[in-house]
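**Q** Starting from the given sequences, assemble the full structure and let the hints guide the process.
Quick mapping for you: the protein sequence lines, in order, are chains A and B.
Mapping the first sequence onto our numbering, position 258 (from 1) lands on 258, and the numbers just tick up by one.
Mapping the second sequence onto our numbering, position 408 (from 1) lands on 408, and the numbers just tick up by one.
Because the hints were derived from the structure by calculation, they are not lab data.
It should be emphasised that the depicted structure is a prediction, and the values quoted were computed from it without experimental measurement.
Mixed in with the good hints there might be a few duds.
Treat identical chains as interchangeable: a pair holds within one or across any two.
What the hints assert, rightly or not - 25 angstroms max Cα-Cα, derived DMTMM-like pairs, lysine to aspartate or glutamate: (1) 69 with 375; (2) 13 with 430; (3) 305 with 331; (4) 305 with 325; (5) 197 with 262; (6) 69 with 361; (7) 197 with 302; (8) 328 with 161; (9) 328 with 399; (10) 69 with 145; (11) 197 with 271; (12) 197 with 348; (13) 381 with 262; (14) 197 with 161; (15) 69 with 160; (16) 197 with 49; (17) 305 with 350; (18) 305 with 334.
Protein chains: 2
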Amino acid sequence: MTPENDPLPLLLKFLRFPTISTQAEHAEDLRQCAGWLSTLLQSIGLHSEVLPTAGQPVVLAHTPRDTAKRTVLIYGHYDVQPVDPIELWETPPFEPTLRNDRIYARGSTDNKGQILAHILGVRETIAHTGTTPVNVIFLIEGEEEIGSPSLDAFLREHRDDLACDVICISDNGMVSDFHPTLSYAMRGIAAMEVRVKGPSVDLHSGVYGGAVMNPATAAARLVASLHHDDGRVAISGFYDTVRPLADWERAASAASPISDADLLAQTGVTELFGEAGYSATERIGARPTAEVNGIGGGYQGEGTKTVLPASAFFKLTFRLVPRMEPEKILDLAEAHLRAHCPAGVTIEIERGHSGLPYFSDPMSADGQAAQRALERVFGLKPSLYREGGSIPILTTFKEVLGADALLPALASPDCAAHSPNENFPVRNFETGIMLNQALLEEFAKVPRGVHGYRGDVPNLDRASRTA
Amino acid sequence: MTPENDPLPLLLKFLRFPTISTQAEHAEDLRQCAGWLSTLLQSIGLHSEVLPTAGQPVVLAHTPRDTAKRTVLIYGHYDVQPVDPIELWETPPFEPTLRNDRIYARGSTDNKGQILAHILGVRETIAHTGTTPVNVIFLIEGEEEIGSPSLDAFLREHRDDLACDVICISDNGMVSDFHPTLSYAMRGIAAMEVRVKGPSVDLHSGVYGGAVMNPATAAARLVASLHHDDGRVAISGFYDTVRPLADWERAASAASPISDADLLAQTGVTELFGEAGYSATERIGARPTAEVNGIGGGYQGEGTKTVLPASAFFKLTFRLVPRMEPEKILDLAEAHLRAHCPAGVTIEIERGHSGLPYFSDPMSADGQAAQRALERVFGLKPSLYREGGSIPILTTFKEVLGADALLPALASPDCAAHSPNENFPVRNFETGIMLNQALLEEFAKVPRGVHGYRGDVPNLDRASRTA
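**A** Rendered as structure tokens:
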């Protein structure tokens, strides 16, 4: 191996491509980066191609197909976020710099460092054993940061090439510094906007105030009606399909190294608040929510304007956990809002995007394999973590390929992904290379035909997806 | 009398001055108009001067002082609102046009037509009797449409010249078409803005939602806490000082020709709503309110942005009725909001402007004189009307001159004051000239030393005013 093929120089080379997918002027950078990546994958013995999509190309690579082996699909992306605000970067975002044992560059953690660790892990395995214990497919796209608009069609078109037993993704964060973490669930989402309409125009609040329901007051009353004082969502039927947390989940949550003090420091609030009976990590990952993302009505400027506004609005997103169906939740919310709408105003409801919750059982055979690999490499039992956000592509993978995704994290909590001075600790990079080797070995131990998904989350089987 | 001194040609001449006080380029127009007005007042036998202020000049005129007579001060203004949107005017705003028996021009109702009717009423009285039954003072300012910033100092400086027994103002609307109306109360006002603060920055509503109190939700809960479901304000102590409505007031309200259908048509709401136990006109004029003039927080654009906002705000104004003190009400509101503030957020409260409620007893000797004058001229008992809005200068008059203001209306409900195609029915103008003559005769019948104010509204005696 020549020095320029050492892990760190390769990562620095990868990071020099300014692959900002949302900026059209970087299309050639994306194309060159995909080509470079495909050549690298070929150089370690994989069959690799750069395949076109309606948008940026996909790098698709695989080891020789051995039908006697299980198949692991490793997903990642070579595109990155924009660099604004550029003036806050200590060193240029596309001139990767090593300091404090971290690599500073846009994309260092998200996702170039993490996907390259997996690629180099496979290289190590092949170098030491001449083969891989499982078939490996790399699917590395160039549009993750803009919402993967071409991926759905790509998966359907290449369904046969992508057939696999399990999917592995490292595009997520450890719960605390260098603490092994297996994320196994993401919340779903359902969005709606509500417009509360009253008078035909803004009225003088002196001349008419008192005789007319104020739409801003009505909007506030509707928003206030969504929660009980103890933090529970007050929509009738909202929790009907929600599974209670399993004992092992409560134990995993209780063992989480994320402290309330961490959350206070991260958010800047004076005290945490949430649904009674659950810890903060459970509230974030394992319980559904109703959040106001925006509210507005009437005068927004400085000082006073004595209007009684003609209308007001609020935007809601519900975060969903397994067995909650987005359209059903929006139905329940709409019924709640219509039942609670004060006299004298009317409401118009517009539904927004939605996505199913995702759950990949970490106690499945593959889940336990991933846990073993994490423990081998980090020397600690991994935290099992339910994330609060949503990754829609996971349900697409499940729907099209029928395979579950396991998410062993390589990002540090202070990696500054999407922010200035994004960085990736060298230790995480090196550990990621080892983790990949351990993962392939452990996945190989799972009997063929065993899928991770235990089938206890009915709505994940549904093929329905909403825009 | 020459034809150009007939009432209608005089009004058309008055209306041709583009006296927009908020636009600096019209300063000369305002000066010329004040001069023309003063000359007119001199021509009918009054002593008249154009007096400087820090802003636009004031026209101050008076009949010869006869200490045996009572003195009536008639207030009005010669400045007008801007004309935007100019494209909606059917004829140019400063080229007065007669059609449908109405005079169309900016200022035709507000206030040139109404104050000129009073001037020409005095001319008629002098022409027929050689004198006036009461001393008359005209105080006609040029800054009413910009909030009368110079009037307070002017009143204090000219306090002796302005000494009077009663003040008469026609700058308000009839309750319905050509229905005699005596307005006798205006609500006070107290404003505050509340900022609800939570996280230090907007958070990802997936990553943190559920564990952090959402400031938009907290703002909504605070706003919702301000009212009971039946429309009553829920702030403890809010109504403590409010007088029950007198029987004659409830009778006057019940006899009001303003129907709920009128209010529905004017506001465009589907149904009226307000405090249980009161009619719509009582809710507007005689009961205090808490109104949200603006609310905002989080994402305001199109579509969805999954933020948990760092803060939210709402702007409140309270409309006050006699015996409510603005600062005391703001104290009660602040205590209420602090007591209801949800855990996990903090609130910052900034107090805005405030003004005392105004009440001028229509059953006083002068009030009954005004009622008799209205009934004589219109042939109908006048509606006694409490207005929902606020006119701060009334409390200034009361404070500086110690005199009450009676407000016999000359504007029609569809006069379009402040709007395109402002108009003044010729019938209202001619009736106004007659009304002035009747008012002077009736005010003269009130024994000297009798003031309109019966002293049952303690906080109107207080000299305190807040900015």
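**Q** Which holds for residue 69 with residue 160 at a C-alpha limit of 25 angstroms: within a copy, between copies, both or neither?
**A** Answer is within: at 16 angstroms inside a copy they meet the 25 angstroms cutoff, but 106 angstroms across does not.
**Q** Are the CA atoms of residue 69 and residue 375 at most 25 angstroms apart within a copy, between copies, both, or neither?
**A** Cα proximity of residue 69 and residue 375: one copy only (24 angstroms, versus 103 angstroms across).
**Q** From the Cα coordinates, with 25 angstroms as the cut-off, is the pair residue 328 and residue 399 best called within, between, both, or neither?
**A** Answer is within; shortest intra-copy Cα gap is 20 angstroms, inter-copy 63 angstroms.
**Q** Within, between, both or neither: how does the pair residue 197, residue 271 come out at a Cα-Cα threshold of 25 angstroms?
**A** Classified as between; 12 angstroms across copies, 35 angstroms inside a copy.
**Q** What label fits residue 305 with residue 334 when the C-alpha limit is 25 angstroms: within, between, both, or neither?
**A** For residue 305 and residue 334, the Cα distance is within 25 angstroms only across copies (20 angstroms; inside one copy 32 angstroms).
**Q** For the identical chains here, do residue 13 and residue 430 meet the 25 angstroms Cα criterion within one copy, between copies, both, or neither?
**A** within (16 angstroms within a copy, 90 angstroms between copies)
**Q** How would you classify residue 197 and residue 49 at a CA-CA limit of 25 angstroms: within, between, both, or neither?
**A** Neither: 55 angstroms inside a copy, 52 angstroms across copies.
**Q** Have a look at residue 381 and residue 262 and pick one of within, between, both or neither, based on CA distance no larger than 25 angstroms.
**A** within (20 angstroms within a copy, 73 angstroms between copies)
**Q** When no copy is specified for residue 197 and residue 348, does a C-alpha distance of 25 angstroms or less occur within a copy, between copies, both, or neither?
**A** within (8 angstroms within a copy, 29 angstroms between copies)
**Q** Reference check for the pair residue 197 and residue 161, CA-CA at most 25 angstroms: within, between, both, or neither?
**A** neither (53 angstroms within a copy, 52 angstroms between copies)
**Q** Is it within, between, both, or neither for residue 328 and residue 161, if the alpha carbons may be no more than 25 angstroms apart?
**A** Intra 35 angstroms, inter 75 angstroms, cutoff 25 angstroms: neither.
**Q** Please work out whether the CA atoms of residue 69 and residue 361 approach to 25 angstroms or closer within one copy, between two copies, in both situations, or in neither?
**A** For residue 69 and residue 361, the Cα distance is within 25 angstroms only inside one copy (22 angstroms; across copies 97 angstroms).
In terms of the numbered hints stated before, the structure departs from hints 8, 10, 14 and 16, listed from lowest to highest.
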